[in-house]
Amino acid sequence: MTSPVVEVKNLTKVFNNLRAVDNISFEIYPGEILGILGPNGAGKTTTLQMLLGLTTPTSGEIKVFGLDLRHNRERILQAVNFSSSYVSLPYSLTVRENLTVFAKLYGIKNHRERILKLLRTFEIDDICDRVVRGLSSGQIARVSLAKALLNEPKVLFLDEPMANLDPNIADKTRRLLKGIKKEKGLSILYTSHNMKEMEEMSDRIIFLDKGRIFAAGRPEDILARFRGESLEEVFLKIARGDNPLEAK
Amino acid sequence: MKLYRVIAFTTRHLYLYKRSLPRLMEIFYWPFLDLVLWGFVTIYLVQFKGQLPNFVAFFLGALILWDILFRSQQGISVSFLEDMWARNVLNIFVTPISPMEYIVALMLVSIVKLAAASVVMVLLAWLFYSFNIFLIGISLIPLIANLVIMGWTVGIVTTALILRFGQEAEVLAWAVAFLFQPVSAVFYPVSVLPHFLQIIAGVIPSSYVFEGMRRVITSGDFPVSDLLWAAGLNGIYLLLALIFFHQNFDIVKKKGLLVKAG
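Protein chains in written order, with our numbering: chain H, 1 to 248; chain Y, 1 to 262.
Hints in this document: simulated from the structure, not taken from any laboratory.
Every clue listed holds true.
Each pair of labels, with its calculated beta carbon distance range:
(1) Leu63/Y x Pro167/H: 57 to 63 Å
(2) Ala145/Y x Arg112/H: 33 to 39 Å
(3) Arg120/H x Gln167/Y: 33 to 39 Å
(4) Gly185/H x Ile97/Y: 25 to 31 Å
(5) Gly185/H x Gln167/Y: 36 to 42 Å
A few chain H positions that, by computed beta-carbon distances, are all more than 12 Å from chain Y:
(6) Cys128
(7) Glu152
(8) Arg174
(9) Glu197
(10) Glu200
(11) Asp209
(12) Lys237
Being a predicted model, the structure only gives us computed values, none of them experimental.
We treat Cβ as the ideally placed atom computed from N, Cα and C, and that holds for glycine.
Using the sequences and the hints given, assemble the complete structure.
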């Protein structure tokens, strides 16, 4: 069996007396899209931040490419990337300047060509010399996704990446990400509140609730297990404390 | 005009001060500093009964050098704030950049910023007041270097505090450097200060720089002793500031505060 690219074992994060993430374990395999679902405060963002080395776990282990994140931060971050609709880019810089800064942070050779290619991929090459301040939220989201693919990452962490995109661009972006996944074997950890998007994108899903993994599996298996018509229905049952498994 | 709407908006601003120590301090901080600083300047002028030698050189030279320290500090802390305001901090720290590489980059930014600001200050002092700061001679280089390093130290500590306490603490980026102004004896000699403040001035690198500047202007001597003291103290403080930043960064990650920084 293929080795996982991300391996999380007994991960826990306690803030004061709150167990934001409570002893969770999971893996992400090469070329897999793993969706993390859960109500607000379920621990999705904290998990993502720990996987990126932005928040230190209270206990547990995170391995990326078989390397311990605590001791191999620089090596791991060189080969992963991140995009979030909640994080922006310097407003006074142009799109090209922003991407150049990040390309240099990753030490990318021939960054001009790489930037141009990504701008064309996301259909934003016409705005490359415009400052970010003047862009729409959808355009900023696409620049942010272009930034996330600059270093040709092997693992991509996406926190609600389509939240600011209109349905047309969101659909194009989903197809694009799936294409890159298929072509390059890119692994993606994905959070979203859009259940339809999660169902469409994810190979496997983890449901988090109160910091714990409530359910995990392929979308169709989860629907069957929770006897739901859609992920949204399952999500609502979990979020409202109506555990369909216990009820039966 | 409706009074309830005016009161509502006034209340909105007064709420800010209920839980924010930095904002509360700011109300008292600047009047206190102004009073202390200009009080000592007045004492100094009274002592010499207006017969102060090299009056213009003392004050304009001090002003230009003080601005170098301030710009050096701002080059670090305000540059960090730019990323915080742009909600770009997370984007930076998910790249392989280390906190120390980040700090070194900000140091370089501060050098560029203060070089630009210094050119303007020096030119204006020459055009408006015929004051040539280069009359200080070769001593100017180590004097400036010491102020730049002290500015970095203050900037690094301020940035660490803003990371820890968030946007509420961003006023520190403009306020902290001025805390050192009265005891740096920028516009008057250390001897003007009361005894307890002279003791504090003895451990502030910039006080030796400004004493050194006045020594050069009055006697033309190279202020070896002042520069050695300033360099020694600066070396210790810069090292402590870097350790503080590094440890604080670890605490920020443990508390999950980096996410809140943007």
